[in-house]
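Undergrad: Here are the chains, one letter per residue:
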Amino acid sequence: EDQVTQSPEALRLQEGESSSLNCSYTVSGLRGLFWYRQDPGKGPEFVFTLYSAGEEKEKERLKATLTKKESFLHITAPKPEDSATYLCAVQAESNYKLTFGKGTLLTVNP
Amino acid sequence: NAGVMQNPRHLVRRRGQEARLRCSPMKGHSHVYWYRQLPEEGLKFMVYLQKENIIDESGMPKERFSAEFPKEGPSILRIQQVVRGDSAAYFCASSLIGGRESKNYGYTFGSGTRLTVV
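Residue numbers (my numbering), protein chains in the order written: chain A, 99 to 208; chain B, 317 to 434.
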């Protein structure tokens, strides 16, 4: 069964303090690894998809990397508006569904 | 260019009543997926539908839950005889291409329906 574990559960940073979120996964044949951002009371908002080990994606202050066992979401010089829950999900080659982790609640204080 | 539209945003039902949740996918998307988010839990897949077809309902409870995506109109997730344990946020997502296509470019989620059973 596909599994996704995210750590830490919660992370509190000062504005400008860079850090990383971890997503460890097991899946029988990875089709894609997804990062989503979820604000309170909202649906998940797509951030990145990574398809193969070694791949990296970057957008503004966020950079995602992928190995065969885990993905990191690096946040450089975060701002308060980056505060949200970040969700990681994997999709196996053999099916349609996304398997999500429980998320990391990121709080960036001004 | 509207995104995935879900309604209602909030729904309160008494135990034993029926709940109907609606989802209109993004324009041009013909693949719809329903997920449930329980408190302190991650999002869990429930069902995958295309127009007039249920493709995969392996995540759906066997009793009381059903889903449809008719030729015309929104997708409907129906929960009969609701119980307190059904209280959760229900999210619908849509995609342009199917989940088994190579290079799935991601699913667009709606804002969800928060169901409270009292």
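Please note that a few of the clues may not be correct.
Claimed, not checked - Straight line, CA to CA, 30 Å or less: simulated BS3-like cross-link-like pairs of lysine-lysine:
1) A:161 to B:378
2) B:343 to A:155
3) A:166 to B:343
4) A:166 to B:378
5) B:367 to A:166
6) A:161 to B:367
7) B:360 to A:140
8) A:155 to B:378
9) A:167 to A:200
10) B:387 to A:200
Calculated from the structure, these hints are not laboratory results.
Please read all numbers here as calculations on a predicted model, not as lab measurements.
Undergrad: Enumerate the violated hints, using their earlier numbering and listing them in ascending order.
TA: 1, 3, 4, 5, 6, 8, 10
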